[in-house]
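Undergrad: Please build the complex by placing chain X on the supplied structure of chain B, with the hints as guidance.
Protein chains: 2
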Amino acid sequence: MAGTDRSQDLTFRASPAIILCEPQLGENIGTAARAMANFGLWDLRVVNPRDGWPNERAVAAASRADHVIDKVRVFATLEEAIADLSLVFATTARRRDVQKPVLGPEEGAQRMISHIAGGAGAGLLFGRERWGLYNEEVSLADAIVTFPVEAAFASLNIAQAVLLMSYEWRRQFDTGEVLPFTGGLDAAAPRSELMGLFGHLEETLDRTGFFKTADKRPTMVENLRAVFARAGLSSQEIRTLRGVISSIDRMHERQRPDRAPPDGDS
Amino acid sequence: MAGTDRSQDLTFRASPAIILCEPQLGENIGTAARAMANFGLWDLRVVNPRDGWPNERAVAAASRADHVIDKVRVFATLEEAIADLSLVFATTARRRDVQKPVLGPEEGAQRMISHIAGGAGAGLLFGRERWGLYNEEVSLADAIVTFPVEAAFASLNIAQAVLLMSYEWRRQFDTGEVLPFTGGLDAAAPRSELMGLFGHLEETLDRTGFFKTADKRPTMVENLRAVFARAGLSSQEIRTLRGVISSIDRMHERQRPDRAPPDGDS
Chain B
11 MAGTDRSQDL TFRASPAIIL CEPQLGENIG TAARAMANFG LWDLRVVNPR DGWPNERAVA
71 AASRADHVID KVRVFATLEE AIADLSLVFA TTARRRDVQK PVLGPEEGAQ RMISHIAGGA
131 GAGLLFGRER WGLYNEEVSL ADAIVTFPVE AAFASLNIAQ AVLLMSYEWR RQFDTGEVLP
191 FTGGLDAAAP RSELMGLFGH LEETLDRTGF FKTADKRPTM VENLRAVFAR AGLSSQEIRT
251 LRGVISSIDR MHERQRPDRA PPDGDS
Chain X
11 MAGTDRSQDL TFRASPAIIL CEPQLGENIG TAARAMANFG LWDLRVVNPR DGWPNERAVA
71 AASRADHVID KVRVFATLEE AIADLSLVFA TTARRRDVQK PVLGPEEGAQ RMISHIAGGA
131 GAGLLFGRER WGLYNEEVSL ADAIVTFPVE AAFASLNIAQ AVLLMSYEWR RQFDTGEVLP
191 FTGGLDAAAP RSELMGLFGH LEETLDRTGF FKTADKRPTM VENLRAVFAR AGLSSQEIRT
251 LRGVISSIDR MHERQRPDRA PPDGDS
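Each protein sequence line maps, in turn, to chains B and X.
Mapping of the first sequence onto our numbering: residues 11 to 276, in sequence order.
Mapping of the second sequence onto our numbering: residues 11 to 276, in sequence order.
Isolated chain B (complex conformation) (with noise of 0.2 Å):
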């Protein structure tokens, strides 16, 4: 989905840390760098990825986030890495056998806004590839979050994982005027131009018989009405509405030498 808009600027708002514990391939921190990137998150933090940094594979699957990638920080152990964090969550798909509260996506993000905008720093773990985290790294969270995923097909990976809880910090953050773009719509037109469509319509039709009985014609102009009542159509769409109509009825072609011409006609 292209999209992006090189004019406009990027923007460093206070937002959750994204710690990856041990991290195999530099494609998943590129890939979970691009989802941070997409819901406006910067802070990224890799615990002792096995492919050391920096990883070039990182900045090719990054897709050009590098505002993300060019401030990565690297830490030895997950302890050093979530130091300055005062409320951190643990992203994880299985139950764990360890006495922890576990949280939704749309409650982690909500409680992580909660708590940023009272000026502390929050952050969100995310496990290995293969194995996730380890119950040790859990337990040095506050709580668990886990996806409404499918029991029988629950594996996302990393880069996905981050991309909804990104998506859910952005959504709740922002709730209202997040879209990159509205309104696709033009206005809808006065009601007067309806009017004026719905007349040079059922003119129309009387003309050339369609309502077969009078005694039908209240209803079948209602329902034509409804439809294009509903539509919204603005002022430039009832222009090429009437002119549909009138280049299929062809007036001007009609008349005939036995035939006076209809009144109005041009």
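These are calculated hints, taken from the structure and not from any lab test.
Predicted model only: the values in this text are computed from it and were never measured.
Among these hints, one or two may not hold up.
Stated by the list, open to error - Partial list, computed: chain X residues near chain B (C-beta under 7 Å):
hint: 1; residue: N48
hint: 2; residue: G50
hint: 3; residue: P158
hint: 4; residue: V159
hint: 5; residue: S165
hint: 6; residue: L207
Stated by the list, open to error - Every beta carbon over 12 Å from chain B, so not counted as near; a handful from chain X, in silico:
hint: 7; residue: P64
hint: 8; residue: E66
hint: 9; residue: G209
hint: 10; residue: D225
Glycine included, each C-beta is placed from N, C-alpha and C at the ideal position.
TA: Only chain X this time, still in chain B's reference frame:
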């Protein structure tokens, strides 16, 4: 994130169709299938995939979402792929110059849930890797769905866009906020009937010289289709509108000795 419980049964509940338009890479079909499987979607339709079908790379990338891959249906055209659906949203990250309502993922998912709860079919269109959807494809949709991304970093890959919509659908489906009744509107007609109306109207306009120049035709067709696509026409309304066109057209009155009767005239 490991965690799939293979002892659980897969469910094939009524859910939106995902329609990928001309994907170039099999990997993206596979990762889209996996994202669907995470949140319980399974109806994957592919329009004219560049590398054909079946595709080994798609299978590998699906990470055992075989129940989705096995059901994939391939279509030559988008029109065929959506023929049985009566609510279609086009996902895009870019503002389009088409007259369509623009929805966020939440409202898009809500509307699909209500629609499907009423027993009808709904689907989501996703575009090509590099160019997204063409405007003529967007014009077939009832509305546009876009994501609350950063304008400066708006590009989502196909699997991520599919993941977010699948997540939103599941998130809201599970909260059970389905209204006890929905609008007074008759069910929208399947897309095949809407395409029939478009064909009838455009054939008539071609014949009556509505499109002044060939280069303006595509835009004018898109604009006209947008009006009728967003009106949510029922089968009965489509029949009425086709009756309107035929009545105004009055081909049978137009036959003159110096002209052969047009095909299909009655």
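Undergrad: Give a verdict on every hint.
TA: How the hints compare with the structure:
no.	hint	in the structure
1	N48	holds, 5 Å
2	G50	holds, 5 Å
3	P158	holds, 3 Å
4	V159	holds, 5 Å
5	S165	holds, 5 Å
6	L207	violated, 11 Å
7	P64	holds, 20 Å
8	E66	holds, 20 Å
9	G209	holds, 15 Å
10	D225	holds, 17 Å
Going down the numbered hints, you'll see the structure goes against just number 6.
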